[in-house]
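Protein chains in written order, with my numbering: chain S, 1 to 1003; chain U, 10001 to 10091.
I should point out that these hints are in silico values taken from the structure, not numbers from a laboratory. Keep in mind that the hints are not guaranteed to be accurate.
Capping the alpha-carbon separation at 30 Å, the derived lysine-lysine pairs in DSBU-like fashion look like this [claimed, not checked]:
#1 S/K742 x U/K10087
#2 S/K282 x U/K10018
#3 S/K439 x U/K10050
#4 U/K10050 x S/K286
#5 U/K10065 x S/K282
#6 U/K10050 x S/K742
#7 S/K521 x S/K377
#8 S/K895 x U/K10050
#9 U/K10029 x S/K807
#10 U/K10087 x S/K194
#11 U/K10079 x S/K483
#12 S/K286 x U/K10065
#13 S/K441 x U/K10050
#14 S/K287 x U/K10029
#15 S/K777 x S/K861
#16 S/K742 x U/K10018
#17 U/K10087 x S/K483
#18 U/K10050 x S/K580
#19 U/K10029 x S/K439
#20 S/K287 x U/K10079
#21 U/K10029 x S/K895
#22 S/K286 x U/K10029
#23 S/K580 x S/K414
#24 U/K10083 x S/K194
#25 U/K10079 x S/K889
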Amino acid sequence: MTNNLRFKTSRFIDETYRISFKFNNKTYFGFKGDTLASALLANGIHLVGRSFKYHRPRGIMTSGSEEPNAIIQLNDNSSRTEPNVRATEVEIYEGLVASSQNCWPSVNFDVGGINNLLSPILPAGFYYKTFMWPASFWEKYEYFIRKSAGLGKSPKVADPDIYEHHYMHCDVLVIGGGISGIMAAKMAAKNGFKTLLVEEKSYLGGSSIYDNSEFSKINNQITSSWLEKEINEISKLENLEIKTRTSVAAYHGYNFLLARENLTDHLPISQRENKVRQRLLKIRAKKVITATGSIERPLIFDNNDRPGIMLSSAIKKYIDLYGVACGENNILFTNNDTAYETAMSLIQRGIKINAIIDNREQIDSKISYEVEKNNIKIYKGYSVVDTYGYRRINKISIMKLSKDGQTVIGDKTKLNCDCLGLSGGWTPAVHLFTQSGGKLKFREEDQVFIPNVYPSDQISIGSCNGDFSLDEIIKNTLSSIKKFLDIDNSEYKTIETISGLNQSKRNIWLLPSDKSIGKTKSFVDYQNDATAKDIKLALREGFRSIEHVKRYTTTGMGTDQGKLGNMHALGIISETAGTKMGEHGTTTFRPPYTPLTFGTIVGRNVGEFFDIFRRTPIHDWHVANNAEFENVGQWKRAWYYPKDNENMHQAVQRESKAARDSAGILDASTLGKIDIQGTDASEFLNRVYTNAWSKLAVGKCRYGLMLNEDGMVYDDGVTTRLGENHYIMTTTTGGAANVLGKLEDYLQTEWPELDVYLSSVTDHYATISVCGPNSKKIVSKVIPDLDLSDEKFPHMSFKNAKINNIKCRVMRISFTGEHSYEINIQANFGKSVWEKCMEAGKDFNITPYGTETMHLLRAEKGFIIVGQDTDATLTPIDLQMDWIVSKKKYDFIGKRSLYRSDTIREDRKQLVGLLTENPEEVLEEGAQIVADIKKSPIEMLGHVTSSYYSPNLKKSIALGVVKGGKNMLGQKLIIPMENKNINVTVADPVFLDKEGERLNAKL
Amino acid sequence: MFLINCPFCGEREQSEFKAGGEAHIVRPKQPTELSDDEWAEYLFMRKNIKGVQFERWNHVHGCRKWFNMVRDTSNDQIKAVYKMGEKPPVE
Ligand SMILES: [Zn+2]
């Protein structure tokens, strides 16, 4: 295909390397070095998408990450598909497949375009105003809105690519590899600073690297050739690491930055296998130099969004860097001199410029005279008032601006074009600076926000600091960096610059029209279809804060975060409200600067590494024996062991029955274990538990309840006195880490005088609990040397023992109400001891049971589970556990709170047992408890905390908390459910063996 | 993300630390002798200053030591860190 849009003049394009790609199902060709955008433009394609709300045809607008329109779906229908990709940033590769988003059935004919005709009834806030009431209708609306809106499609299968996170440390981080960034990096590296330079594009040099104009020179050399030598030099510096295709996403406090390094997206798909696709760099820099450049502003006028309307600087870049002409019949519309540089680039290659429309009356610069010399008609003091052409611009109309720039006057002139370049001046890219907490100031003379107060050791240089002329950029970069790094040698001798540009500008945020504002569509935010009219409407409706206007009109809320239009929105707001720019503040720029993939964010933490879990030493046995697992904190605990297609209920009934009738075995290794030593260990326990510890004999165990300082139950467990000054405390599975932290806190900060040492030994031991009437026989087979007689080894005591010469600790304690033993042994022997118990228990139908059965068994006994029956609002008194609160002790954590006016209220929620009228009816945990359902509103008295069907009692049992429940024994209450009311009676929370006969039975 | 100079370990990432609220609130030695109001003052009342604030921090994923920090909450600048029991540096 012959192509009169491609010019063989660019050294960045490799014309010997042809690449084919597909866009909207058609095959095109480009060259190595092209972006998807430049390759499409070379094929004469501007129309690439439809706008979000009105479905207006939209074209490629820019040449970089600020692109609002050309966002496409990459690799559709593959596992690597990615929505919302900017065509201006995609480097083409063999096999690339891309398609337009937000259009149906095709970008050229889109049904949603009807919205454009309906636009008078789709003003700002339309969705809020119309669809939010009545609220119940929202569900119906939502389906249609989501169907017709929506940007792109998310992949349906797992991402096959590899991502990783990488920490980096440096003395100096330079963000941006344009001319000032390169100079800064060289100065830093050559002066001994370990320097990292990151650049989001694939090449260094920024816009200066393709500046071949005679009008800007450095030391009498063309800017691009001077810069190329500089790049060559720095690429050899040892102290400098350069990362291209690396975009800083977030700049946090203390110079902590996140950047995304793109490693394979530019490679042919065949070369990507087994390579890391993207890396998230976590950079900690001592000093940061921000050289992020600036973004050209569009101009805001009626119908300023047609395909073929682009930024003037983008037109220049496409011709100079990619050798691509964006149009054959161009018009430039500007309020400053930079458009004339674009004009010169076009003139050099003989590309037709039909006219230049300049807002300014007076233009006095070398470059403008040169353009005029080339017989280009310049309309001075004019503005574009309208554009024409549906899928591509074909005409504009212009009018003269009044002196004050508020109106247009005189006759309308129509001019033909197929491409319109806009230049509204430049906006410093201060996004990262403000993310870091930097404060901006507004510079009146050219209407820009520039960095003012730096929150950390950092500096902004170049055009992101508001230096726009080549001369200023170089001069200020040299002096600022010298000062910032405190160095004498700038590494540069005198630098002379020549520039043909003048810095004059005529800034008009919203250009006047011959139509009333209500009849115009002057787009401020292209991606979200927010117009100047919408912003004015928001102000008329009373919105003043920029953050509110932003949300109401959705200005700046697209994937581009309004990089092009935010300044205009601010300008229009202050002009309309009659306030000064900056008074309303700016909107907050939030990370990421450009969107990140989920892959980059999670890195290697995918699949089983997404949420790491802890396994007990006996885990493999549970897996081999068909256990279902439950997550408890980070642990995987055996939940129940279904046999022969049992469901959970059936398995739990069988396990619970076996544990009481003969023998059950539980893996209790996950319980927290804290080793406590020191001469003040007993005193320490006195202070942290509600009951007394000093008199506990060595070799004995005791149950303890721990409160918060507010008197609420925090944790519980059995603690054993191993020696005079040595205890082992057990905590709940989920509470282990927090309990240790709390104990350390008190020891270090409140009671540093206590001689106590704490050590977490949870992982050191496997804990096997054998319970039931036959537990004694089983344990005596496993540990024959241990005297299990009640005299030698009574309930709540402990013995050191040995199994095959391996030391272990055996406690006779019970959480089930049955006679039971807990064997604690070095973790790596856990599984073999478990298997030994299973073998020894064979004749007694020893039955492994999981957490569900454990919960059922303890509920039969009315034992609480902290976190299930309690929720940090219950005191021990509320739990009817007054017996565990020492009256004698002078102090313990939470004691004083137990008689605050609130904690002694009689009508607090208190733990009670609940029995259903129908013994087969099992309550739902969490169900509400009420007394009277006739009076409305119904007063809620409490809720069910634990509920089971007990196979041992052959009836349903439940625990719950009820207001004033302590004094309601025998009273009838109601559990209202969706389709019925369940009658219950308040009962004693101990349902089984209140006298402890099973526990103390002679076996 | 802060870079915190643990008085025991040196500079470490904020992700290794846990914040523990206002510093220099001493647990009363004789809580039982306090009125409800006095106890509530100790238990619940915290300043939450915008500006320079004295805070407790714990190097939870490091040496597990508690220490104090002087931090300006308006700009997150850490002015000083010092060990438990030490006097705060004079402003
Ligand atoms: Zn430390």
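* Is the straight-line distance between the alpha-carbon of S/K742 and that of U/K10087 30 Å or less? -> holds (23 Å)
* Would the pair U/K10029 and S/K807 pass a check requiring their Cα atoms to be no farther apart than 30 Å? -> violated (43 Å)
* 30 Å limit on alpha-carbon distance, applied to hinted pair S/K439 and U/K10050 -> holds (18 Å)
* **30 Å Cα cutoff - pair S/K580, S/K414** => At roughly 36 Å apart (the allowed maximum being 30 Å), S/K414 and S/K580 break the hint.
* Under the criterion that the straight-line Cα-Cα distance not exceed 30 Å, is the pair S/K441, U/K10050 satisfied? -> Satisfied, since the Cα-Cα distance of roughly 23 Å is no more than 30 Å.
* CA of U/K10087 to CA of S/K194, is that 30 Å or under? -> It is violated: about 38 Å lies between the C-alpha atoms, which goes past 30 Å.
* **Pair hint outcome, U/K10050 versus S/K742 [Cα-Cα no greater than 30 Å]** => The given pair, whose Cα atoms are some 27 Å apart, holds under the 30 Å limit.
* Asked: Does the structure keep S/K777 and S/K861 at a Cα separation of 30 Å or less?
  -> holds (23 Å)
* Does the structure keep S/K282 and U/K10018 at a Cα separation of 30 Å or less? -> Judged against 30 Å, a Cα distance of about 20 Å means the pair holds.
* Between U/K10029 and S/K895, is the straight-line Cα distance small enough, at 30 Å or below? -> Judged against 30 Å, a Cα distance of about 13 Å means the pair holds.
* Straight-line alpha-carbon gap S/K287 to U/K10029, limit 30 Å -> violated (48 Å)
* Keeping to a limit of 30 Å between CA atoms, is the pair of U/K10029 and S/K439 held or broken? -> Distance ~47 Å between U/K10029 and S/K439 Cα, so the pair is violated.
Of the numbered hints given earlier, the model fails hints 8, 9, 10, 14, 17, 19, 22, 23, 24 and 25; all others are met.
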